[in-house]
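All chains should be built: construct the whole structure from the sequences, respecting the hints.
Protein chains: 2
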Amino acid sequence: MPKISDSTIRRLSMYYRSLSEFETKGYKTISSEHLAKTEKLTPAQVRKDLSFFGSFGTRGLGYKTRELKERIGKILGLDHIWNVALIGLGNVGSALVSYKEFQKQGFLIKLLFDNDQRKINKKHKGILVSDVKDLVEKLKNNKIEIVIIAVPTQAAQEVADLVVSAGVKTILNFAPTRIKVPQDVVVRFVNMAMELEHLSFCLSNQDFSVAT
Amino acid sequence: MPKISDSTIRRLSMYYRSLSEFETKGYKTISSEHLAKTEKLTPAQVRKDLSFFGSFGTRGLGYKTRELKERIGKILGLDHIWNVALIGLGNVGSALVSYKEFQKQGFLIKLLFDNDQRKINKKHKGILVSDVKDLVEKLKNNKIEIVIIAVPTQAAQEVADLVVSAGVKTILNFAPTRIKVPQDVVVRFVNMAMELEHLSFCLSNQDFSVAT
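Residue numbers (our numbering), protein chains in the order written: chain A, 1 to 212; chain B, 1 to 212.
There may be inaccurate statements among the hints.
Pairs of lysine-lysine, DSSO-like flavour, derived with a Cα cap of 30 Å [claimed, not checked]:
1) Lys123/B x Lys140/B
2) Lys169/A x Lys104/A
3) Lys3/B x Lys3/A
4) Lys180/A x Lys100/B
5) Lys74/B x Lys143/B
6) Lys100/B x Lys110/A
7) Lys100/B x Lys133/A
8) Lys48/B x Lys100/A
9) Lys74/B x Lys133/B
10) Lys119/B x Lys40/A
11) Lys100/A x Lys28/B
12) Lys123/B x Lys123/A
13) Lys119/A x Lys104/B
14) Lys169/B x Lys48/B
15) Lys28/A x Lys180/B
16) Lys180/A x Lys180/B
17) Lys100/A x Lys125/B
18) Lys40/B x Lys169/A
19) Lys3/A x Lys25/A
20) Lys138/B x Lys119/A
21) Lys64/A x Lys110/A
22) Lys123/B x Lys125/A
23) Lys169/B x Lys40/A
24) Lys100/A x Lys110/B
25) Lys104/A x Lys180/B
26) Lys28/B x Lys40/B
27) Lys64/A x Lys122/A
28) Lys3/B x Lys25/B
29) Lys48/A x Lys48/B
Hint data in this document are derived by calculation from the structure and do not stem from the laboratory.
This is the structure we're talking about:
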């Protein structure tokens, strides 16, 4: 099984965004040098990242902007509408429901869950909020592929176990704790404090150069 | 200048969290094998990451949990209180103000800015909201070290230019667009959709194994 790093996937997402901007600006073709410069990378890194997925571009002529954008989009699964459910309508959960980029990239929040009776059976930004008690049944019936967990720490593992039992294979975890899942389930842990730690690392270690 | 990767810093943040949990559970020592297993990594990777920063642990005896946690915390700059300002009190910005992990790790949101007259000069979660017109002066006077930008796309570059002109060297950018800054300023771009793209990549490319 070929191995790919976390950072490569992150860079693909960045390339996708840059290529969209270049396309909007009317660039028909783009060189690996130009793309690299935008991302503060080397052209060799760009070519290496793309080489994982076959051959792109023409030596000396660069890449066709739109074609490369579409191919990377396809690699990232953005040629597809994904059914998403979000659990936990606290501060973070509510902010995520309003996050416009999700829908733009094909991530459709179809279900919302909470355990607060004041929120259940009411609409939040046009989506009906369900009782977390009905989680497994509703995830299955609505063919949910990605679940966003935004519940407090103490509820995170219990909720994750239910999500896994419903057959969901990918979880985005905003609860500030690690959740345990079977080997075949992918969890992406998002912690805003970790993003700030990246910056405090840079401020504390100015003798290091950080490669993205 | 020694180079360190993005992913290494991310793993340090993860080790820090695991070690805190192990400490709470009463583990006095921890092996690289145990730490690696928790993170789904190899022990060699753990040892390699730590080796960047000098020598840790004793062969055959492992690491002292608390000591290693404190040393990693120091590397990440968590032995320090950082003065943070946040610009833009929309959905994302408001959620970030309520994010408890920030304060826990020493990131103190001291200033809030917005351009909405209905929010300015009022308190939000106990912090006075200032007019973004006074940004440069207030960032300087309050010795702000890290700025979180959570404004709409079209305002992001203008706000970033002001932040840079105030001498701030690290920015966490939640605006869904790239911002241009001088070479000596570090920008960390956070995009929730990119986190979901990591998952849609995994769903679309099940013949790849993703290394974290």
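Hints, one by one, checked against the model:
1. In summary, the hint linking Lys123/B to Lys140/B is supported, as the alpha carbons are separated by about 21 Å, within the 30 Å threshold.
2. Between the alpha carbons of Lys169/A and Lys104/A the distance comes to roughly 22 Å, so the proposed pair stays at or under 30 Å and holds.
3. A distance of roughly 23 Å separates the Cα atoms of Lys3/B and Lys3/A; the hinted pair therefore holds under the 30 Å criterion.
4. A distance of roughly 23 Å separates the Cα atoms of Lys180/A and Lys100/B; the hinted pair therefore holds under the 30 Å criterion.
5. Distance restraint check for Lys74/B and Lys143/B: the Cα-Cα separation of roughly 21 Å lies within the 30 Å cut-off, and the hinted pair is therefore satisfied.
6. Proximity of Lys100/B to Lys110/A is assessed by CA-CA distance (about 28 Å); at most 30 Å being required, the pair is judged to hold.
7. Taken as a hint, the Lys100/B and Lys133/A pair is honoured in the structure, with Cα atoms around 27 Å apart against an allowance of 30 Å.
8. As the CA atoms of Lys48/B and Lys100/A are separated by approximately 39 Å, the hinted pair breaks the 30 Å bound.
9. Restraint check: the Cα-Cα separation between Lys74/B and Lys133/B comes to about 36 Å, which exceeds 30 Å; the hinted pair is violated.
10. The straight-line distance between the Cα atoms of Lys119/B and Lys40/A is roughly 37 Å, outside the 30 Å bound, and the hint therefore fails.
11. Restraint check for Lys100/A and Lys28/B: not satisfied, since their Cα atoms lie roughly 46 Å apart, outside the 30 Å limit.
12. Taking the CA atoms of Lys123/B and Lys123/A, the gap is about 29 Å. The hint holds against a cut of 30 Å.
13. For the proposed pair Lys119/A and Lys104/B, the alpha carbon gap of about 29 Å is at most 30 Å, so the pair holds.
14. Restraint check: the Cα-Cα separation between Lys169/B and Lys48/B comes to about 29 Å, which is no more than 30 Å; the hinted pair holds.
15. Under the criterion of a C-alpha separation no larger than 30 Å, the hint pairing Lys28/A with Lys180/B is consistent with the structure, at around 23 Å.
16. Our distance criterion of 30 Å between C-alpha atoms is broken by Lys180/A and Lys180/B, whose separation comes to about 39 Å.
17. Under the criterion of a C-alpha separation no larger than 30 Å, the hint pairing Lys100/A with Lys125/B is consistent with the structure, at around 25 Å.
18. A C-alpha spacing of about 17 Å is found between Lys40/B and Lys169/A, which places the hinted pair at or below 30 Å, so the restraint holds.
19. Proposed proximity of Lys3/A and Lys25/A is contradicted: the alpha carbons are some 34 Å apart, above 30 Å.
20. Of the pairs offered as hints, the one joining Lys138/B and Lys119/A is violated, with about 39 Å between alpha carbons and a cut-off of 30 Å exceeded.
21. Restraint check: the Cα-Cα separation between Lys64/A and Lys110/A comes to about 35 Å, which exceeds 30 Å; the hinted pair is violated.
22. Simply put, Lys123/B and Lys125/A have alpha-carbon atoms about 26 Å apart, close enough for the 30 Å limit, and the pair holds.
23. For the hint pairing Lys169/B with Lys40/A, the CA-to-CA distance comes to about 17 Å; that is within 30 Å, so the pair holds.
24. For the suggested pair Lys100/A and Lys110/B, the alpha carbons sit about 28 Å apart, so the restraint of at most 30 Å is met.
25. Restraint check for Lys104/A and Lys180/B: satisfied, since their Cα atoms lie roughly 24 Å apart, inside the 30 Å limit.
26. Distance check on the hinted pair: Lys28/B and Lys40/B sit about 21 Å apart at the alpha-carbon level, within 30 Å; holds.
27. The straight-line distance between the Cα atoms of Lys64/A and Lys122/A is roughly 47 Å, outside the 30 Å bound, and the hint therefore fails.
28. Taken as a hint, the Lys3/B and Lys25/B pair is broken in the structure, with Cα atoms around 35 Å apart against an allowance of 30 Å.
29. For a cut-off of 30 Å, the pair hint linking Lys48/A to Lys48/B stands: about 23 Å separates their Cα positions.
When each numbered hint is compared with the structure, violations occur for hints 8, 9, 10, 11, 16, 19, 20, 21, 27 and 28.
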